[in-house]
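Chemist: Whenever a hint applies, use it, and build me the whole structure from the sequences.
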Amino acid sequence: MDKIKQLTGKNQKEYEAVAFEIVNNADIELFEELVSKDDFLFDFVKSNVAQRLERACNKSNYKNLLKFLDIYSPYYEDFITSTLAQYGDNEITEIMLEKLKNGTLSEKIYSAGFFSYKQDSRALPLLGEYAFSEESSLSENCARALSKLKNTDVYETAIEKLSSDDDFEQMTAANFLVAYQDTRALSPLFETMKKSKMSENIAELIPYLMPLPDMLQTEYNDDAILTFCYIINGLVELVPVSQVIDFRMYEFIERLLKSSPTGASATALFLAKDKFNMITENEEYLFDEDKNTKNEVNDIKNLLNNANLYPMTSFLYEELYEESDFIFFVLEIVRDEESLVSLLSGENQTVIIKVMELLKAQNLLKDEYKQLALSKIEDENLRVVASAL
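Residue numbers for the sequence shown follow numbering that gives the first Met the number 0, so the first one is 0 and each next one is one higher.
Calculated pairs, BS3-like style, for lysine-lysine (alpha carbon to alpha carbon, straight line, at most 25 Å):
#1 45 - 12
#2 9 - 290
#3 290 - 272
#4 274 - 290
#5 117 - 147
#6 353 - 369
#7 257 - 274
#8 365 - 375
#9 194 - 375
#10 300 - 290
#11 100 - 147
#12 2 - 66
#13 36 - 2
#14 193 - 274
#15 353 - 193
#16 4 - 45
#17 375 - 193
#18 300 - 257
#19 369 - 359
#20 45 - 2
#21 12 - 58
#22 196 - 274
#23 100 - 117
#24 365 - 353
#25 12 - 36
#26 274 - 353
#27 66 - 4
#28 194 - 353
#29 9 - 45
#30 100 - 149
#31 100 - 62
#32 272 - 353
#33 62 - 117
#34 272 - 193
#35 58 - 117
#36 9 - 36
#37 45 - 290
#38 274 - 194
#39 257 - 272
If you're looking for bench data, these hints aren't it; they were derived computationally from the structure.
Modeler: Right under this line is the structure:
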């Protein structure tokens, strides 16, 4: 009989027996087989399995979990680290300190997670050392532990790293700050998102620091809407569709629809309507998603299609100026010639190129428009692009 099938199934007698077998016997092979199926099991199934394994642990057998530390899974790490911390004595703490220092990458990740449950100042130097690891799971666990230990030095370093010209440094800093869970980081994260070449990636992290719906009608209102726009822009290609539930998108959109319209909210709603129609019109985008995700996507699509967005059209023009944070999103929606041409005499050369591309796509790029644009473009690389249009 397939024991993994029993462990993930609905028969309580069967799954409890397998869970006890894994823990009581420290069955590394069976645990490794379970972890190898991470990509093929739905998240709710893995969550159920983690709870079943946790219930199989007690003060007599919990030390067996130490033998699993070289097999990493983000779906079972919390149950392992919290259980070791719950039952663990000084001996366990010493072992975890040693693994944090000299263990394999997997052992370091689990150990950093352990110290977010059992605070010990002796772990501080190593947590700081690994805080910006290329391995995001290690960085995140270090951030959680450092936050619990109330260490602010590494937090301040992360804030500084957000200003780096290095995209990778920016991302590791953003990843750390979101895991650290201090909302003071929101403002610098928003500023970095606006300037970064990886705006969608940073935007995807922000709702885990504060849910987007909770930011509406606060000082972060427009930044929350901008974050939503970047997420919508990256949905499917960069952001998994399943995250529509995590990000409470239905609630966010519903609140935008009920609020007084602004240029920002109008832009977000039109953008979302186009994206959700696109997702539902192509089966491949939802093929691998679970039932809950498919239902949520369809509910959002219906919410947007049943809303009358036409009266909001005029508000789009509030953001149709080159300094607007929403300018490139508005340009995905607005198509009238006069409005587009008005941007060709601006100073933002990237905006000018985008407008030229839009006019070209509509066969509206007259020679006089092209000459006007070229007169404003000084960057040689961009001039080459503009000349070729």
